[in-house]
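Listed below, chain by chain, are the residues.
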Amino acid sequence: MGMSILITGGARSGKSRLAEGWATRDGAAIYIATCRARNSEMTDRIAEHRARRGPEWKTLEEPLDLVGALDGTDGQGARLVDCLTLWLANLMEDERDWQGSVEDLVRTLRRQTSPVILVTGEVGSGIVPASPLARDYRDALGLVNQSIADAADEVYLAVAGYPLKVKPNAFG
Amino acid sequence: MGMSILITGGARSGKSRLAEGWATRDGAAIYIATCRARNSEMTDRIAEHRARRGPEWKTLEEPLDLVGALDGTDGQGARLVDCLTLWLANLMEDERDWQGSVEDLVRTLRRQTSPVILVTGEVGSGIVPASPLARDYRDALGLVNQSIADAADEVYLAVAGYPLKVKPNAFG
Amino acid sequence: MGMSILITGGARSGKSRLAEGWATRDGAAIYIATCRARNSEMTDRIAEHRARRGPEWKTLEEPLDLVGALDGTDGQGARLVDCLTLWLANLMEDERDWQGSVEDLVRTLRRQTSPVILVTGEVGSGIVPASPLARDYRDALGLVNQSIADAADEVYLAVAGYPLKVKPNAFG
Chain A
1 MGMSILITGG ARSGKSRLAE GWATRDGAAI YIATCRARNS EMTDRIAEHR ARRGPEWKTL
61 EEPLDLVGAL DGTDGQGARL VDCLTLWLAN LMEDERDWQG SVEDLVRTLR RQTSPVILVT
121 GEVGSGIVPA SPLARDYRDA LGLVNQSIAD AADEVYLAVA GYPLKVKPNA FG
Chain B
1 MGMSILITGG ARSGKSRLAE GWATRDGAAI YIATCRARNS EMTDRIAEHR ARRGPEWKTL
61 EEPLDLVGAL DGTDGQGARL VDCLTLWLAN LMEDERDWQG SVEDLVRTLR RQTSPVILVT
121 GEVGSGIVPA SPLARDYRDA LGLVNQSIAD AADEVYLAVA GYPLKVKPNA FG
Chain C
1 MGMSILITGG ARSGKSRLAE GWATRDGAAI YIATCRARNS EMTDRIAEHR ARRGPEWKTL
61 EEPLDLVGAL DGTDGQGARL VDCLTLWLAN LMEDERDWQG SVEDLVRTLR RQTSPVILVT
121 GEVGSGIVPA SPLARDYRDA LGLVNQSIAD AADEVYLAVA GYPLKVKPNA FG
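Order-wise, the sequence lines are chains A, B and C. Quick note: the first sequence, position 89, residue 89 per this note's numbering, numbers continuous. Quick note: the second sequence, position 1, residue 1 per this note's numbering, numbers continuous. Quick note: the third sequence, position 100, residue 100 per this note's numbering, numbers continuous.
Looking at chain A on its own, in the form it has when it is part of the complex (with noise of 0.2 Å):
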């Protein structure tokens, strides 16, 4: 059975760097990228995060199907995939079943024979938003790192560049 790490956190606490590394502690792994660039901004932070991996990352852009993604690279080494907070804003601006998405993606994972570490966010830790779309969006990604965790043999929490172990712990 492939590990599963799941590691969350907010914004620019290290989540991605950690996974990185983790990634490629046995050697060469494969980036399971799920952003579209839509804007300037995003295209920097792509050209950042590609910068920084090196010569032992092989890239793969998927913004939707993950569960192909997986399926298709295992038993060639370590996938990453970065993000879930970006997939479930793209599976839902196009409108797709995310919760039937997240169903697969979690029988994806537990058949999986090589490593998948997972990185996704944390966005409802602040007041309510005003916007119900941002309401919705805060709510499906809560619920999609329940069962992402759930399905997970390891979560870890990234705070200021370091990880805090959620799971396995004594008081689940």
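Each hint should be verified, as a subset may be incorrect.
Some chain C residues judged to face chain A by a derived CB distance under 10 Å, without partners named [to be verified]:
#1 P129
#2 A130
#3 R138
#4 N145
#5 S147
#6 I148
#7 A149
#8 A152
#9 L157
#10 P168
Stretch-level coverage of chain A by chain B, calculated; a stretch enters the list once three of its residues show a Cβ under 8 Å from a Cβ in chain B [said to hold, decoys possible]:
#11 27-34
#12 143-149
#13 152-165
Honestly, the hints are just simulated from the structure, not real lab data. Glycine is no exception: its CB is placed at the ideal position from the N, C-alpha and C atoms.
With the hints as your guide, set chains B and C onto chain A.
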């Protein structure tokens, strides 16, 4: 002495579900709901929470008087207060003395003989809100959480459905 | 070598109070305040913080030059820097080179012989802010926190008045 537990976390972090599991560990439990069904979004969420809870639950709706609700049910099993975020919002909306109410609640918690589990929220880890009302609420909730945490035997932070133990720990 | 501790947390998570307790553990301490009293809300908060601190404190107001404040007080006991969130806001407001200032601060921290406790904030766990300025600040603070956490001997996350140990831990 009745054990008291505070569980906090962001929106959709799984804190209510964790609290429900703990409250019914030893059998029947009393659910003390603080929300006012003000709009359809809230009515939906209440119905969803109610459907998830099984027949082992007795439900009590009490938007303001938690002291009365706790004293009136002491000795009847574990009580789950869900949640302090709405209780505080109700107090502020009705222009009650929320500081005094928190002090009363702390005293009440200390004299309970059956367990109490309280759910609250984290709203202070986003960007400073533009609205003074939102800033006031955010500050007030932070102070409520500190006061109740101080009185509680155990405090947990829910992350993606899993609890991180905050109190007691070795660094307090 | 002077021990350095970074404590982060949301608004009203009790981080300043925790930091004050640690700073005065071994007697007198120096409070390095970074805030500019810009409006009455801030003046109130400064007065409240000042009232809470006792006569064992010497206070220094330094909105920008933390390097000078730390070097100028080294050997005189523990220093509490409260807080990096306002220091960064001041640097950005004055259009200073905040990245360079953070590098200077890291170097300064590494050469201190008396303890330094630094308070910062978590602002990246809410919904993505609509304003580009707020997004820039949020990203910058996350990077500041990562850099200072990397230089610090210990890092804590304050939740409801209690500290969760983030560094050192077994999973870094």
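Hint by hint, here is what the structure shows:
no. : hint    : in the structure
1   : P129    : 9 Å, holds
2   : A130    : 9 Å, holds
3   : R138    : 6 Å, holds
4   : N145    : 4 Å, holds
5   : S147    : 8 Å, holds
6   : I148    : 8 Å, holds
7   : A149    : 4 Å, holds
8   : A152    : 9 Å, holds
9   : L157    : 5 Å, holds
10  : P168    : 9 Å, holds
11  : 27-34   : violated (count 0)
12  : 143-149 : holds (count 5)
13  : 152-165 : holds (count 3)
When held up to the earlier numbered hints, the structure conflicts with hint 11 and nothing else.
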